[in-house]
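Visitor: Those sequence lines, one after another, are chains A and B. Residue numbering for the first sequence follows the working numbering, starting at 139 and increasing by one per position. Residue numbering for the second sequence follows the working numbering, starting at 2 and increasing by one per position.
Think of the hints as simulated: they come from the structure by calculation, not from any bench. None of these values were measured; they are calculated from a predicted model. From the three backbone atoms N, C-alpha and C, an ideal C-beta is built for every residue, glycine too. Be aware that a few hints might be false.
[Said to hold, decoys possible] Chain A is faced by these chain B residues, among others (derived, beta-carbon under 8 Å):
no.: 1; residue: P22
no.: 2; residue: E25
no.: 3; residue: T44
no.: 4; residue: E47
no.: 5; residue: R49
no.: 6; residue: F52
no.: 7; residue: L75
no.: 8; residue: L77
no.: 9; residue: N102
no.: 10; residue: G130
no.: 11; residue: P133
no.: 12; residue: P177
no.: 13; residue: P198
no.: 14; residue: V199
no.: 15; residue: W200
no.: 16; residue: I228
[Said to hold, decoys possible] Anything over 10 Å on all C-beta distances counts as not near chain B; from chain A, calculated:
no.: 17; residue: G169
no.: 18; residue: A200
no.: 19; residue: N226
no.: 20; residue: S234
no.: 21; residue: E276
no.: 22; residue: A323
no.: 23; residue: E364
no.: 24; residue: G391
no.: 25; residue: G395
no.: 26; residue: E425
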Amino acid sequence: MSQLLGKATLLRCPPGTSLQDEGRLSGAQYGIPTSGAMDQKSFHWANHILQNTVNPVALEMAQPGLRIQFDQDCQISLAGAKVLASINQTPLSNSSLISIAAGDLLEIGAFLSGSRLYLCIQGGFQVERHLGSGSDFESVSSTSKRSASEVLTYVAFPQLNSLRAKPKWETSWFESPEIEAYRGADWELLSSAQQELICSKTFHLSKLSNRMGIQLEELVPNQLEELPTNPVFPGTVQLTPGGKMIVLMRDAGVTGGYPRILHLTEDGQSKLAQKRAGDPIRFQLIETITG
Amino acid sequence: MIPHYQLLSPTLGELVWENQPSDELLGYQLAYLNHIQINFSDTLMEARQGFTRISLVWRNLKNQQEFLTHLKNLKLTPMELSNAIWQVPVCYDPDYGQDLNSLAEAKNLPLAELIQLHSEPVYRIHFFGFLPGFFYLNGLSQRLHTPRKSVPLLAVPPGSVAIGGSQTGIYPMQSPGGWHIIGRSPISLFDIKQPIPVWAKPGEQIQFEPISTSQFQNWKEAYPKLIRP
């Protein structure tokens with residue numbers, strides 16, 4: 139049976155909008171970053187609601203203003219940041235599971251809390267995959283970001299009957315400042331004074347943040363030299379010679395030469411991805427590694 | 002050169018060597034990498050290589066512990082490194098290497114000597130990182146070691162050949178960068194449309210071949226020539 143394909147037109151597309159999924163695992167051997175949704179927790183939740191499997195591709199937004207029109211029926215789910223959203227100018231009270239009818243216009247307004255919003259669609263957006271992933275990244279995918287008037291393809295699904303229970307997306311989990319982290323590969327190079335400072339101090343997110351990394355404002359006095367270049371991952375926290383802490387995120391290069399002092403848990407990475415410039419965070423060190 | 006293993010999270014750990022980067026260490030790294038990829042393909046999610054570490058991502062903690070047990074009795078001999086050399090054309094001209102003159106001046110070297118120091122050695126490819134298709138090389142002459150710029154350039158042109166610290170490399174695509182740019186190569190370093198997007202493998206070698214500006218402008222081949230000593 140052939141599938142009916144729908145077209146979703148981006149009538150307006152704010153900067154920082156890209157297609158993302160779980161990312162690439164086999165690209166590091168060629169220097170290709172992991173990429174994928176910055177907040178995997180929200181991304182997975184919305185795709186679970188849609189009963190999506192096999193690495194579905196979703197639209198990630200970091201700013202309000204998206205207008206998108208669908209030309210076929212489908213189901214979508216919004217998760218991540220708490221936003222004002224409307225269908226055909228009627229505000230949505232619950233945007234966790236939305237039945238879209240052909241012709242519907244979805245608009246994303248203000249971000250009330252959080253930094254990244256996921257528009258997930260039943261079956262995922264249909265894009266060319268490279269190394270198993272449809273995530274946008276310069277020189278790996280056809281484009282590194284999405285822009286207005288682009289058309290995204292999806293598989294049309296008839297609307298669901300309304301009997302299905304509607305789950306509601308909660309955002310309280312990312313509001314507390316505690317970020318869980320493991321000791322990084324180079325943690326033992328730090329002095330005990332540095333270690334104590336990192337565990338006790340409240341840090342704030344700097345404005346210098348993007349999909350590659352999030353810098354923190356407060357410095358950690360540091361005499362450590364650069365090290366031989368070695369592997370890093372999303373969630374690795376580096377300490378620069380100037381004492382700046384950089385939390386590497388999904389688009390970070392796969393190796394680095396600064397000491398790798400912490401490694402955030404996956405939940406910690408998702409939580410940090412929802413923080414804004416100026417937000418406070420405190421690192422909570424995980425003492426024992428358990429399954 | 003038997004590595005020890007550092008457990009970092011339930012799913013992440015790394016093989017640690019305390020040695021300096023060298024051909025010998027690389028031979029051991031490639032032997033371990035190969036052994037792990039063959040024997041643990043069901044439970045290993047990802048492996049990443051650096052100069053002195055191999056990081057491993059496991060499906061779960063149990064899988065990681067199984068590997069740790071296996072590692073205790075593991076003694077591998079180093080992999081023999083390739084003798085093949087990729088000949089990479091580079092136009093060392095101030096038009097393409099905007100820092101060529103200032104670097105020569107800072108090092109108190111005539112331009113020709115700087116170019117010779119850079120293009121004479123055979124460099125070993127250790128791994129890819131930083132950008133898609135960017136290889137990390139070992140073998141830069143000590144005389145050319147230069148601290149990175151304090152203010153990085155926002156847009157280093159693709160193909161730029163540069164020196165940073167004790168490293169030299171080629172930017173495969175436009176990117177911000179803090180290395181000193183001494184020339185440019187006309188070849189392609191990364192092409193996602195190919196089944197394998199890079200032409201070289203860790204363990205292989207490259208040598209830079211100086212070319213003129215007009216050779217650079219008329220260069221046709223996308224890939225370097227493979228030569229043997």
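Visitor: All the hints need checking, so say for each whether the structure fits it.
Guide: Do the hints match the structure? See the list:
Evaluation of the P22(B) hint against chain A yields a held restraint, the C-beta minimum of about 6 Å falling below 8 Å. With a cut of 8 Å, the hint placing E25(B) at the interface with chain A is violated, because the nearest CB-to-CB distance is about 15 Å. Checking T44(B) against chain A by beta carbon gives a least distance of about 13 Å; that is not within 8 Å, so the hint is violated. With 8 Å as the threshold, the beta carbon of E47(B) comes within range of chain A, its nearest partner Cβ sitting at about 5 Å, so the hint holds.
Residue-level restraint check for R49(B) holds (minimum Cβ-Cβ distance to chain A is 4 Å; threshold 8 Å). Of the supplied interface hints, the one on F52(B) holds, with its beta-carbon coming within about 4 Å of a beta-carbon of chain A, less than 8 Å. Interface restraint check: L75(B) against chain A, minimum CB-CB distance 20 Å, threshold 8 Å, status violated. Interface hint status for L77(B): violated, as the beta-carbon distance to the closest one in chain A is roughly 19 Å, over 8 Å.
With 8 Å as the threshold, the beta carbon of N102(B) stays out of range of chain A, its nearest partner Cβ sitting at about 26 Å, so the hint is violated. Taking 8 Å as the C-beta contact cut-off toward chain A, the hint placing G130(B) at the interface holds, the least distance being around 3 Å. Checking P133(B) against chain A by beta carbon gives a least distance of about 5 Å; that is within 8 Å, so the hint holds. For P177(B), the suggested interface contact is broken, since its CB lies about 10 Å from the closest CB of chain A, more than 8 Å.
Nearest Cβ of chain A to the Cβ of P198(B): about 5 Å, under the 8 Å cut. The hint holds. The beta carbon of V199(B) comes within 5 Å of a beta carbon in chain A, closer than 8 Å, and the hint placing it at the interface holds. Annotation: interface hint on W200(B) violated; nearest CB of chain A at approximately 11 Å, more than 8 Å. Hint status for I228(B): violated, given a least beta-carbon distance of 23 Å to chain A, over 8 Å.
Chain B draws G169(A) into its interface by the beta-carbon criterion, the shortest separation being 4 Å against a cut-off of 10 Å. Distance to chain B confirms A200(A) as a non-interface residue, since its nearest Cβ pair spans about 20 Å, more than 10 Å. With 10 Å as the threshold on Cβ separation, the claim that N226(A) sits away from chain B holds: the shortest Cβ distance comes to roughly 39 Å. With a closest Cβ-Cβ approach of about 29 Å to chain B, S234(A) is found to remain outside the 10 Å limit, as its non-interface label requires.
Not every C-beta of chain B lies more than 10 Å from that of E276(A), the closest at about 7 Å, which undercuts listing it as non-interface. A Cβ of chain B approaches the Cβ of A323(A) within 10 Å, the least distance being about 6 Å, so the stated non-interface status is violated. The non-interface label for E364(A) is inconsistent with chain B: the shortest C-beta to C-beta separation is roughly 7 Å, within 10 Å. Not every CB of chain B lies more than 10 Å from the CB of G391(A), the least distance being 4 Å, so the non-interface label is violated.
Listed as outside the interface, G395(A) is inconsistent with that label: its C-beta sits roughly 8 Å from the nearest C-beta of chain B, within the 10 Å cut-off. Against the 10 Å criterion, E425(A) stays outside the reach of chain B, whose nearest CB is about 13 Å from its own CB.
Figure legend: structure checked against the earlier numbered hints; hints not met, in rising order: 2, 3, 7, 8, 9, 12, 15, 16, 17, 21, 22, 23, 24, 25.
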